[in-house]
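Here the structure of chain E is known, so what remains is to put chain A in place on it, guided by the hints.
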Amino acid sequence: MPKHVSRNDSSPGPLGVKSLVIFTVLLLAWMAGFLSRLFAVIRFESIIHEFDPWFNYRSTAHMVQHGFYNFLNWFDERAWYPLGRIVGGTVYPGLMVTSGSIHYVLSLLNIPVHIRDICVFLAPIFSGLTAISTYLLTKEIWSTGAGLFAACFIAVVPGYISRSVAGSYDNEGIAIFALMFTFYLWVKSVKTGSLFWSCLTSLSYFYMVSAWGGYVYIINLIPLHVLVLLIMGRFSSRLYTAYSSFFILGLVCSMQIPFVGFQPIRTSEHMAAAGVFVLINAVAVLQHIQSRMSKSDFRSVFYAACAIAAGVVFLAVVLLTYFGFIAPWSGRFYSLWDTGYAKIHIPIIASVSEHQPTTWFSFFFDLHILIATFPAGLWYCIKHVTDERVFIVLFAVSAVYFAGVMVRLMLTLTPVVCVLSGVAFSKLFEVYLKDEAPQRSNLESSEDEEERTNKYDKAGKLRKMKHEQTANSESLGSNIRTLVILAVLMMLMMFTVHCTWVTSNAYSSPSIVLASYGQDGSRQILDDFREAYYWLSQNTPEQARVMSWWDYGYQIAGMANRTTLVDNNTWNNSHIALVGKAMSSNESAAYEIMTALDVDYVLVIFGGVIGYSGDDINKFLWMVRIAEGEHPKDIRESDYFTERGEFRVDSEGSPTLLNCLMYKLSYYRFGELKLDFRSAAGFDRTRNAVIGNKDISLTYLDEAYTTEHWLVRIYRVKKPDEFNRPQLPSLAKKRKIKSSKKDLERDINRKKRGAIRNRPVVVKGQRPKTKAT
Amino acid sequence: MVRWYYLLLAFTIAIGFSESKKELTQGERVQQLTDAAIKKPIINLNSEKFRQFVKATPRNYSVVVMFTALAANRQCGICRHASDEFQLVGNSWRYSPSFSNKLFFAMLDFDEGSDIFQQLHLNSAPVFMHFPAKGKPKKLDTLEIQRVGFSSESIARWVAERTEIQIRVFRPPNYTGLLALVVLLAMVVGLLYLRKNNLDFLYNSTTWGLIALAFVFVMTSGQMWNHIRGPPFLQKTQGGNIAYIHGSSQGQFIVETYIIASLYAAVSLGMVLLTESAGKREDVGKRRIFAMVGLALVVFFFSLLLSIFRTKAQGYPYSFLLK
Numbered sequence: 001m002p003k004h005v006s007r008n009d010s011s012p013g014p015l016g017v018k019s020l021v022i023f024t025v026l027l028l029a030w031m032a033g034f035l036s037r038l039f040a041v042i043r044f045e046s047i048i049h050e051f052d053p054w055f056n057y058r059s060t061a062h063m064v065q066h067g068f069y070n071f072l073n074w075f076d077e078r079a080w081y082p083l084g085r086i087v088g089g090t091v092y093p094g095l096m097v098t099s100g101s102i103h104y105v106l107s108l109l110n111i112p113v114h115i116r117d118i119c120v121f122l123a124p125i126f127s128g129l130t131a132i133s134t135y136l137l138t139k140e141i142w143s144t145g146a147g148l149f150a151a152c153f154i155a156v157v158p159g160y161i162s163r164s165v166a167g168s169y170d171n172e173g174i175a176i177f178a179l180m181f182t183f184y185l186w187v188k189s190v191k192t193g194s195l196f197w198s199c200l201t202s203l204s205y206f207y208m209v210s211a212w213g214g215y216v217y218i219i220n221l222i223p224l225h226v227l228v229l230l231i232m233g234r235f236s237s238r239l240y241t242a243y244s245s246f247f248i249l250g251l252v253c254s255m256q257i258p259f260v261g262f263q264p265i266r267t268s269e270h271m272a273a274a275g276v277f278v279l280i281n282a283v284a285v286l287q288h289i290q291s292r293m294s295k296s297d298f299r300s301v302f303y304a305a306c307a308i309a310a311g312v313v314f315l316a317v318v319l320l321t322y323f324g325f326i327a328p329w330s331g332r333f334y335s336l337w338d339t340g341y342a343k344i345h346i347p348i349i350a351s352v353s354e355h356q357p358t359t360w361f362s363f364f365f366d367l368h369i370l371i372a373t374f375p376a377g378l379w380y381c382i383k384h385v386t387d388e389r390v391f392i393v394l395f396a397v398s399a400v401y402f403a404g405v406m407v408r409l410m411l412t413l414t415p416v417v418c419v420l421s422g423v424a425f426s427k428l429f430e431v432y433l434k435d436e437a438p439q440r441s442n443l444e445s446s447e448d449e450e451e452r453t454n455k456y457d458k459a460g461k462l463r464k465m466k467h468e469q470t471a472n473s474e475s476l477g478s479n480i481r482t483l484v485i486l487a488v489l490m491m492l493m494m495f496t497v498h499c500t501w502v503t504s505n506a507y508s509s510p511s512i513v514l515a516s517y518g519q520d521g522s523r524q525i526l527d528d529f530r531e532a533y534y535w536l537s538q539n540t541p542e543q544a545r546v547m548s549w550w551d552y553g554y555q556i557a558g559m560a561n562r563t564t565l566v567d568n569n570t571w572n573n574s575h576i577a578l579v580g581k582a583m584s585s586n587e588s589a590a591y592e593i594m595t596a597l598d599v600d601y602v603l604v605i606f607g608g609v610i611g612y613s614g615d616d617i618n619k620f621l622w623m624v625r626i627a628e629g630e631h632p633k634d635i636r637e638s639d640y641f642t643e644r645g646e647f648r649v650d651s652e653g654s655p656t657l658l659n660c661l662m663y664k665l666s667y668y669r670f671g672e673l674k675l676d677f678r679s680a681a682g683f684d685r686t687r688n689a690v691i692g693n694k695d696i697s698l699t700y701l702d703e704a705y706t707t708e709h710w711l712v713r714i715y716r717v718k719k720p721d722e723f724n725r726p727q728l729p730s731l732a733k734k735r736k737i738k739s740s741k742k743d744l745e746r747d748i749n750r751k752k753r754g755a756i757r758n759r760p761v762v763v764k765g766q767r768p769k770t771k772a773t
Numbered sequence: 001m002v003r004w005y006y007l008l009l010a011f012t013i014a015i016g017f018s019e020s021k022k023e024l025t026q027g028e029r030v031q032q033l034t035d036a037a038i039k040k041p042i043i044n045l046n047s048e049k050f051r052q053f054v055k056a057t058p059r060n061y062s063v064v065v066m067f068t069a070l071a072a073n074r075q076c077g078i079c080r081h082a083s084d085e086f087q088l089v090g091n092s093w094r095y096s097p098s099f100s101n102k103l104f105f106a107m108l109d110f111d112e113g114s115d116i117f118q119q120l121h122l123n124s125a126p127v128f129m130h131f132p133a134k135g136k137p138k139k140l141d142t143l144e145i146q147r148v149g150f151s152s153e154s155i156a157r158w159v160a161e162r163t164e165i166q167i168r169v170f171r172p173p174n175y176t177g178l179l180a181l182v183v184l185l186a187m188v189v190g191l192l193y194l195r196k197n198n199l200d201f202l203y204n205s206t207t208w209g210l211i212a213l214a215f216v217f218v219m220t221s222g223q224m225w226n227h228i229r230g231p232p233f234l235q236k237t238q239g240g241n242i243a244y245i246h247g248s249s250q251g252q253f254i255v256e257t258y259i260i261a262s263l264y265a266a267v268s269l270g271m272v273l274l275t276e277s278a279g280k281r282e283d284v285g286k287r288r289i290f291a292m293v294g295l296a297l298v299v300f301f302f303s304l305l306l307s308i309f310r311t312k313a314q315g316y317p318y319s320f321l322l323k
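Heads up: the protein sequence lines correspond to chains E and A, in order.
Everything in the first sequence is counted per full-length UniProt numbering, starting at 1 for the first residue and increasing by one.
Everything in the second sequence is counted per full-length UniProt numbering, starting at 1 for the first residue and increasing by one.
Chain E extracted, bound-state conformation:
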């Protein structure tokens, strides 16, 4: 942990040492943050993770290759076949531009780096910048010491690492930096009231808008701050300057992003900012009038004007919404308020695991001791309230609500928790390391250094309290002090250990390369996904269209470079429902849909062989649900359950399920496979059941490729002439029956003979053996 190091390497001295300490701590925080995000790179390789990052990587590569303007005009015909996707107008380009410009600068300096490596390491590098901006924000709000604590916390806290490990090339990685930096600049501009800082705020806000859809949080939180300050009677010309310039410039800037466009003046999410802008101008006018009127006159005017202004704003918004000039809240935002909304109305939002509410376990998992101590910091901020501390209080209260509703928004809670915990711990250490100045040990000296920093840096209440305290010479006694300090340091150490453990175990798997551990600790790499995508890119025609569930769309486009029907940008629900319908219908009905959509290959993920739980059969009910939402006549969820309402794949499963396309494609030839000496043939390890339909034959599709561990299975859709051609059906059928019988015999044989355990054996058509019974 960087704190400890810095504590040892400094000695009391003049101002230069203070900045040296700050610099060292921040540098070490940056390095610690960067290094702890590298688990995945060291264990696997420098690779892009998961799903969305693959799209970001693909567009970045496209931008680097074709230039920025071509990127903005990019129409991607490889996605959403046959619709295509206008990529330039439907992405937040901040991420691509950031890594693209880094690449550009490096190549100007003659440092040849592949764009992929920049993409992989972008988030860890930005985590250091986040730490610095957190330090700056906390310094403005409390003190330098608290700022250093907060920087160290945010560098290693799992709640933020979860979105910023190396390889997780996603918007959030840079957006949290932009968020914290915008907040720092905003607090700075409220404190100084200078136009310079508020212009910088809106520029930083512009960067945030270009990077992440979460900018809506900023454009609501800052007006809320202003509103609360107005209610508290803390209006000042500083606030007026800061907000009105930020609002106008921010509005104009944010509309420059093609994806955002006219939303800032057309949607409800942005109306709060406009309303507060009107209000603060009204208040400013009233203040001006007040200076020209007597007090009693002003009182009545003030109340009337306030009521009228508020009423006019409210009515205007309602009317504009009613007549359709302002779009009402979009589903994703609406589901944050009415928590039952998404579940009933938008299954595609509800189906994403990130959109689930948060248990206390996840809070503790992601924040450890900070979640228990940050209320103390919140308490101090409220007790010693100033303009900027109002901001951090509002930030904390709103972020904690959103994090409770959605696991994903833990990300916005994490920085504020770090800031407030920094406040709590720094206040604690401040008083416990303070007034034994003569006999303090070497270990405590740097903490006191931070102490001294406060005095130079911050005036006001804090400092006065310390003077009082030093005047009061009766101390608690060195034993108690040492005990407290040791105990708290111990807990902070547990925090760092916890962070490393969580990062290593929970957040560092690339999810396209799987690893399994044997009993002796040996590691086995399962590289089936890349195997399959590479096969696709090498063995299929350039224009082949691959149908899969939407989770794998970005990966297929990114790694195999083939056309997909649906992908993780879930903008067209009915198209997804069509794919879901094809997957959940029987083979002939599915074939009609597939020919209508020109599908050449079908790709399914099947985890039954290795016990991988995130496969398509486990996701299957969502396909059915989404398909049912659009085609209630053809697909009914209840058909896929047994009579007792269970979802089973074994012989008791519902016949509709056992004959649908997804089931057939997942389990084709699986009934012949014996994984294990003890288990029966066709035993599915993920669902712990012997499959119900072992004798699967495909009429319209043909198995094209199955990866080593059967994780990805690819099927080719036959052309009409291939299966319409007169065959010898009687012969084929006879052979089939015979072979299945032989399998049975073989099973019996096998039991007698004994076999090597844990060795997957694919049983194909084999020579007849001697009869066993």
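Just so you know, the hints here were simulated from the structure itself, not pulled from any lab data.
Using N, Cα and C, we set each Cβ at its ideal position, and we do this for glycine too.
Where hints are given, some of them may not hold.
[Claimed, not checked] Taking lysine-lysine pairs in the BS3-like style, the calculated list, with each CA pair at most 25 Å apart, reads:
1. 383(E) <-> 191(E)
2. 633(E) <-> 136(A)
3. 383(E) <-> 286(A)
4. 718(E) <-> 694(E)
5. 191(E) <-> 18(E)
6. 286(A) <-> 434(E)
7. 383(E) <-> 434(E)
8. 55(A) <-> 139(A)
9. 633(E) <-> 139(A)
10. 633(E) <-> 134(A)
11. 102(A) <-> 633(E)
12. 196(A) <-> 295(E)
13. 39(A) <-> 102(A)
14. 49(A) <-> 139(A)
15. 196(A) <-> 383(E)
[Stated by the list, open to error] Computed spacing ranges between beta-carbons, pair by pair:
16. 315(E) <-> 178(A): 16 to 26 Å
17. 493(E) <-> 323(A): 11 to 21 Å
18. 322(A) <-> 320(E): 52 to 62 Å
Then chain A, alone, in the frame of chain E:
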């Protein structure tokens, strides 16, 4: 033997009725049903009417019947609930623009038609059955309450599945939430008005601090999850013990979240006590006690928190003081 007797009796009664009352023609029946439906969206049946309208064979209309036991002495709490939801569907159908005489909603109480219950082998209530215009009810013509529940939306979806008649359930908007809010606001405003000469408490940072902390504890202990998922308060294990803590990291009990919230509060209180005790200008002995109490609170409750966390996270290696 007894059952046979009943059945026989039922038959004779049925035959008797049909002979005595004479079979109504289909047109008459539709007319009567429509009249009844216009008066009351859910038609009340008894055994005789049930046979007359639902069982009679040439039909060009479907009937959805709720078999229930609403009498107080039957003590069927769930029936009342189901009946309300069913009423809602019936009303929505009755006042929908597509209302026609193709579909009727009816109910049969056990006390008015126990023989029908026996005839249909129903031994529980409530049961929703659909009697299609042609043929006999099949398996799917009974609503699977265990699986889909009996909210009016799922009833309507099931009816749409069976009859291809879409009913948009119109729930009379729930004003209780709004009303509560208005009352609360009125109370707050009233309170402020009564104390208008003494509004200092509004500027009291302690009040606001406590409110903010309470909100934070509520949220971080996962009350929102409870609100959305509705977990049980606590659970009895097979051994007869009571489990306060959910075994897996995916779930939690309500009582568990209360425990966690109080642990968080205790740790935060400990932090504040620790800090305050060192900075105040008071008697040293008192401050020492405060410091020790604060330290004990922080350390003990944090270790407790960690050990609860450990029981839920399988394979988590670290602990502090407590196992």
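Each hint, compared with the structure:
1. Taking the CA atoms of residue 383(E) and residue 191(E), the gap is about 19 Å. The hint holds against a cut of 25 Å.
2. In summary, the hint linking residue 633(E) to residue 136(A) is supported, as the alpha carbons are separated by about 22 Å, within the 25 Å threshold.
3. Between residue 383(E) and residue 286(A) the CA atoms are separated by roughly 23 Å; this keeps the pair inside 25 Å, and the hint holds.
4. Among the hinted pairs, residue 718(E) with residue 694(E) is consistent with the structure: their alpha-carbon atoms are about 22 Å apart, no more than 25 Å.
5. A threshold of 25 Å between alpha carbons decides the hint, and for residue 191(E) with residue 18(E) the separation of about 24 Å falls inside it, so the pair holds.
6. Of the pairs offered as hints, the one joining residue 286(A) and residue 434(E) holds, with about 19 Å between alpha carbons and a cut-off of 25 Å not exceeded.
7. Annotation: proposed proximity of residue 383(E) to residue 434(E) holds, straight-line Cα distance about 22 Å (limit 25 Å).
8. With a C-alpha separation of about 17 Å, the suggested pairing of residue 55(A) with residue 139(A) holds against the 25 Å cut-off.
9. Restraint check: the Cα-Cα separation between residue 633(E) and residue 139(A) comes to about 19 Å, which is no more than 25 Å; the hinted pair holds.
10. Our distance criterion of 25 Å between C-alpha atoms is met by residue 633(E) and residue 134(A), whose separation comes to about 20 Å.
11. Between residue 102(A) and residue 633(E) the alpha-carbon distance is near 20 Å, which keeps this suggested pair within the 25 Å criterion.
12. Between residue 196(A) and residue 295(E), the direct Cα distance comes to roughly 19 Å. Compliance with the 25 Å bound is thereby established for this hinted pair.
13. A hinted pair counts as satisfied when its Cα atoms are at most 25 Å apart, and residue 39(A) with residue 102(A) qualifies at roughly 17 Å.
14. At most 25 Å may separate the alpha-carbon atoms for a hinted pair to count; residue 49(A) and residue 139(A) meet this at roughly 24 Å.
15. Restraint check for residue 196(A) and residue 383(E): satisfied, since their Cα atoms lie roughly 24 Å apart, inside the 25 Å limit.
16. The hint said 16 to 26 Å for the Cβ distance between residue 315(E) and residue 178(A), and at roughly 19 Å that hint holds.
17. The hinted range of 11 to 21 Å is satisfied by residue 493(E) and residue 323(A), whose Cβ atoms lie roughly 18 Å apart.
18. At about 58 Å, the CB distance of residue 322(A) to residue 320(E) agrees with the hint of 52 to 62 Å.
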